[in-house]
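Q: Residue numbers (the working numbering), protein chains in the order written: chain C, 1 to 313; chain V, 314 to 586.
Certain hints may be false.
Unchecked claim - To list a few chain C residues with every Cβ distance to chain V over 10 Å, as calculated:
#1 2
#2 91
#3 96
#4 97
#5 273
#6 278
#7 293
What the hints assert, rightly or not - Partial pick of chain V residues on the chain C-facing surface, computed with a CB cut under 8 Å:
#8 319
#9 362
#10 505
#11 507
#12 579
Quick caveat, the hints were computed from the structure, so don't treat them as lab data. In this text, all values refer to a predicted model and were calculated from it rather than measured experimentally. Just so it is clear, CB atoms sit at the ideal spot from N, CA and C, and this is done for glycine as well.
Each chain is listed here by its residues.
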Amino acid sequence: MAGKLEMRECYGQALVEAGRENERIVLLEADLRKSTMGELFRQEFPERLFEVGIAEQNMIGMAAGFALTGWIAVASSFAVFASGRAFEQIRQSVALPRLNVKIGGSSAGLTDTGDGATHQSIADLAIMRALPNMTVLSPADGIEMKGAVKAMLEVDGPVYIRVGRIAAPTLYDEDYKFELGKIVVMRPGKDVTLAATGTMVHVALEAAELLAKDGIDARVLNVHTIKPLDEEAILAAARETAGIVTVEEHNIIGGLGSAVAEVVSAAGGGPVVRVGVEDVFGQSANSYEELLAAYGLTPANVRAKAQSLLQRA
Amino acid sequence: MADPKLVAELEEKAKMIRRNIVEMIGDTRRGHLGGSLSIADIVAVLYYHTMRLRPGDPSWEDRDRFLLSKGHAALAQYAALIDLGYIPKEELYKLKDLGSMTQGHPDMRKTPGIEAGTGSLGQGLSVAVGMALGLRLAGKDSKVYVIVGDGELNEGQIWEAAMAAAHYEVDNLVAFLDYNGLQATGCCAETMRTEPLPEKWAAFGWHVINIDGHDIGQILDALDEAAAVREKPVMIVAKTVKGKGVSFAENVAGFHHGEMTTEQYKQALAELA
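So here's chain C without its partners, still in its complex pose:
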């Protein structure tokens, strides 16, 4: 515990570790492998790394071809390009035929701080979640990233995994066991639920600390698997607490908040308040924290949203 781990380094290291154990893993990269950290895999397995140049659509098609000839094909790029530029290739060539292709969406959310709106990925969870056959993962810290990468390689089918370009506070011990599709209750609580994904889990945990000072007992959920969603844990939270505040580094449309609201409303309703980027594009900033603050992805805002939910409940 404590300390920080670089999410993308953990992604790259996990691929290397998996590559040592399983010779059937190949990695495709689109001229960003020094950022995605696919470079680590190239250093150890140059023969199993395929650089395709700046051509994400072809990268996904080639990954499909590798999967069709018995390989576990991993393709990484920045999340905005991997999920967006190659969306239709993922849909047609990978998801529809249910192929064993894993897509690493790097520099996800607002973590490509300086590059601004063009490189910030705020719709990837929404579009990947909307594809049948797709599993969608969004790990919370470096330890969970390693577990999630290992788990995704064991799935026989397409997986999208979100990878931030940040050193995230470590929430788990080394012996943490990642269970795909199973929400982790980070903190029990009976008053209100904070359901977060990715590195927003630590923001939710800090918000829960603030709420505790207000005398509010907040449950914190780590929703590392956006799809398939752990409906049981979501419905338990809706039933046992006054309502759910979702927290995600993503547009409030289509991502975790929408997924949670879909489940809760289908079961008869209950308040769901979404904290996320409020349907606007991002922008450049000199610090990541400054950007998070600009879009309300802070413990203080989560606390305020939880309080207002409790007031109207």
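Once you've looked at the hints, dock chain V against the given chain C.
A: Chain V in isolation, oriented as in the chain C frame:
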């Protein structure tokens, strides 16, 4: 020069494929007649001569692979797969029916013998390049054959795949360009000028062979030449006629996805008898 007896046999197979295509559409359905007929001769040579296959074992590891990047021409592939026993005979009359194996576009999860999911144009060549590299990395000597449409060359992804195939010196990949000059709306030349095509493929680093795509002997010779090429992908630019073999559909863009009257249907079958 190809053996005349073999040529004659394969010409019969091509005619059978064309008859099956026409029967699949019949006089009650709409279907991709033109682009399926234009590749019938190439499909006949691949399935009945060139490719290493075990029809009783569609997932045999050492088989050669065939992909239609122009997935809408699936009828030609279905015709061969039905004749070879991959697909039950009755599917011939179930084209695009709910739950059928003969879907509007090829679906590997629904149809034995289909190797990938294609139909969204421009994607199949990338998949073929990945397959060829995957086979090479696995130490297999299987080959990948893919048919690309000329209209499909409007898609940028085709050229991404073209670069990658040459960059990785993929020599277990043979592509055919179904160069029939028509696309959905009309002439390729009027819709989007892509000429000069053989030169473009050569400039992208491919070994290019120009043939008449309806001349079985030329198709056989081109495949022989392709088999000897090393360290380059091969593009066989096959000049074809959209709708070939059915006189009223030849070179008619309307039969890209057309409907035959009962009279036309009878005439088509008579011409292919």
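Q: Give a verdict on every hint.
A: Checked hints:
1. 2: Holds: least Cβ distance 42 Å, greater than 10 Å.
2. 91: Residue 91 of chain C not clear of chain V: closest Cβ-Cβ about 8 Å, inside 10 Å.
3. 96: 5 Å, violated
4. 97: 4 Å, violated
5. 273: Given a closest Cβ separation of 38 Å, the condition holds.
6. 278: Given that every Cβ of chain V is farther than 10 Å from that of residue 278 of chain C, nearest at about 33 Å, it holds.
7. 293: 39 Å, holds
8. 319: Violated, because the Cβ-Cβ distance from residue 319 of chain V to chain C comes to roughly 30 Å (cut-off 8 Å).
9. 362: 23 Å, violated
10. 505: Cβ of residue 505 of chain V sits 18 Å from chain C, so the hint is violated.
11. 507: Where the cut-off is 8 Å and the nearest Cβ of chain C is about 18 Å from residue 507 of chain V, the hint is violated.
12. 579: 37 Å, violated
When each numbered hint is compared with the structure, violations occur for hints 2, 3, 4, 8, 9, 10, 11, 12.
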